[in-house]
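Asks: Below, each chain spelled out in residue letters.
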Amino acid sequence: MTRFFESYEADPARFFDEVISKEGIPRQHYDKLLHRFGQFSLDDIKARRQIVNIFFRNQGITFTVYGVEEGIERIFPFDLIPRVVPANEWQTIEKGLIQRITALNAFLHDIYHGQKILKDKVIPAELVLGSKHFRREFVGINPPLGIYIHVTGSDIIRDGEGNYLVLEDNLRTPSGVSYMLQNRQAMKRAFPVLFEKYKIRPIENYPQELLRTLQEISPVRRNEPNVVVLTPGIYNSAYFEHSFLARQMGVELTEGKDLVVNNNKVYTRTTRGLERVDVIYRRVDDDYLDPLVFRPDSKLGVAGLINAYRKGNVALANAIGAGVADDKVIYSFTPDIIKYYLGEDPILQIVPTWLPSKPAHLKYILENLDTLVVKAANESGGYGMLIGPESTVAEQEKFAEMIVANPRNYIAQPTISLSRHPSFFNDSDIFGCHIDLRPYVLYGKTVTIVPGGLTRVALKRGSLVVNSSQGGGSKDTWVVDE
Amino acid sequence: MLSRVAESLFWMSRYFERAENTARFLDVNFNLLLDLNNITHTENPNYWIALILVTSDRERFNDLYKEYNAHTVTDYLVFNKNNPNSITSCIGLARENARSIIESISSEMWEQVNNLYHYLQSVTPQFVHNDPYSFYKEIKNSSHLFQGITDNTFSHNEGWDFIQIAKYLERTDNIARLIDVKYHMLLPELHSSLEESEDSTDIVAGSVDIIQWMAVLKSCSALEAFRKVYLSKIDPDNILRFLILDRSFPRSINFSVCAAEDALWRISGSSRHRYVNNADRLIGKMEAELSYTSIEDIYSKGLHLYLADLEQRLVKIGEQVHLTYFAYHTPEIEPQDVEEALPFTGVAGGRANWSQAQQQQQQ
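Line by line, the protein sequences are chains A and B.
Here full-length UniProt numbering is used: position 104 in the first sequence is 104, and no number is missing along the way.
Here full-length UniProt numbering is used: position 163 in the second sequence is 163, and no number is missing along the way.
You may find that some hints are simply not true.
[Claimed, not checked] Some chain B residues near chain A, calculated using beta-carbon distances under 10 Å:
no.: 1; residue: Ser-3
no.: 2; residue: Arg-4
no.: 3; residue: Ile-102
no.: 4; residue: Ser-107
no.: 5; residue: Thr-324
no.: 6; residue: Gln-359
Quick caveat, the hints were computed from the structure, so don't treat them as lab data.
Where is the CB? At the ideal position from N, CA and C, for every residue including glycine.
Isolated chain A (complex conformation) (with noise of 0.2 Å):
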């Protein structure tokens, strides 16, 4: 019987290992990990494997895969071996995020008020005022605190050299704190003396955390604001999430047709009859919340919300037209917005990225087709991408067209060797799949990280997308202190 890991092949020459040095030693903070999995059996880890699969099940942990008929209910793929993030390397991401998420918040102030940062021309106007994600509707209107983003998630990866670089910044109420919260029930059910051996710092307290950071929000002062989180309903994707946060959080989980608006006040239809509502963590796309204003087609969403909000007599987290700040193109130049706004330079860096619009950055991505990594500027989960290396001339013509037809709606960057973690997944052997990480930040009265995320793994060999749409899964992550 070979004992775990032995198995194990990193290639530190090729990619950042999170275990395994470039010496081709083990990390230091790896070591009672190693040593404890040292001593199991295939059969051992097989166990607990099924103590976990049997824990995600009755939970109805899944999610749906569009596409095929009826949409199909996927166990989310979860990876035994935790991530293990030492507590300085976390301190850099948590004052990182914390620059970066204040500095976005402070742009998007300015960009629905003054507009100070495009009359200075730190970015071109146009990029901004064109954004699909701008809310021309919204300029001048004051959310509770002057708050936009509550609840972001930004998506971090690792370099060749084990730098953590922001790959984008998640600002429309980004999916996946559920699976962290789960993946941490399932390993301590599973591996209860690696809890005893390392300090690992707690994450249990997100969903109060959230709680607490959207009664903060409440345009109206009153002991126990009432709170909803509001989604589009069960054959969402992220459905399992949005009960769960709700049963978590203690509120009510409401669809479009639960609320109603009466006198610019929101209210929820009960036995009992309306009861006024003040805060809503909506799960909604904007262009869905309201079909007197947006998209009119809309069935999820509540008509005369948007007055209620522009009233000030309900809060949105996250508000409405946030999106402007995540866009991939507005992301270029996230350094010179923390500069501009916090007189300070940017903690994390981002990957470099090349904009088709800039006549010069064009002709690059051109030429570059098959090395570069082209995304459409406002889609996520991982659709409307090309990955240069791994794709065909005639996808890259494809690509080239639909650029040149539309060069706002692009932005090119390199290919990013995440770093890679040893998974085991597929119950016959270990190796190595990339990973990144979700940081879950709350924006309230203050900056709020509980001490991880979601860990994400591109479970597929040698594949570099990493969303559950395309067969990614996820792993748990440890904060943990010396």
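Based on the hints, put chain B in the right spot on chain A.
Replies: Here is chain B on its own, set in the frame of chain A:
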């Protein structure tokens, strides 16, 4: 409680009960045919027409099938997805409703609905044909298990009451239909065609009649309970007395109406001399009438008319429950408008489909 949550609890419960009742009809019909095999023509399609009459959608059936026999009727009532009342459709809709309120029900309740749903996906028509007894028993037991789980894992407050209302309204409706079908079988033209056997004598006719009435009792699990009250005096008067007017048997009309009334009154705080809304008034009226009705009163009105009237009134009660609790109107809209705008369709379970594409588009 959110109106939508209450409504989904209501329909989850109602569809579950409907599936169980359909299983009961089918199960008993198979047994009935075995019992009658020696004394009358069991290939006679009228035995199967009766089952379609219970669910009163003869037209839809005729659109889909050419004849009435064990295969077509079973397929229609168990598997057919175009039949919203087939067992598969009902459990699918019960699950859909449960899924939309998964944070409100107990996880054990969800698991039970989900298990039955997946069981039905795995069953083939051949399996049901070979062993109908086991199949229908599985459906009935699953339903009982669901009710037991609900009683023991779900708080007995408003939500639980909506589950009870739905269950007992559905059950009342089904008992009424079942008795009515027996009445249909006794209609001259059907009756004569069922008794066309060569040695058709009064004695045979009488025993066929008794066997049919026993089948009605059995499909309500009522044969044993009946015997404890009336011993072996299986005559139509006693059977009707038992199934309609008995106050202690859980599958009698009177019992079910009382149970629905209790649940409705608990929600609103109505009492015997003071009703709060129309749903409470109508159910109270029905319960009071049942309490003081004799079997002779029913005969004097005519059994079929009596049952048809009862079914109509049940629909009215369902409408009022809908208007009072589920279709909560905004202050500007008068209740009359609500009635026009939101007709009581009875297919709430299908409501989730209409916005499926948009729900999926959200990030």
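Asks: Each hint: holds or not?
Replies: Taking the hints in turn, this is what the structure says about them:
| no. | hint | result |
| --- | --- | --- |
| 1 | Ser-3 | 4 Å, holds |
| 2 | Arg-4 | 5 Å, holds |
| 3 | Ile-102 | 5 Å, holds |
| 4 | Ser-107 | 7 Å, holds |
| 5 | Thr-324 | 8 Å, holds |
| 6 | Gln-359 | 4 Å, holds |
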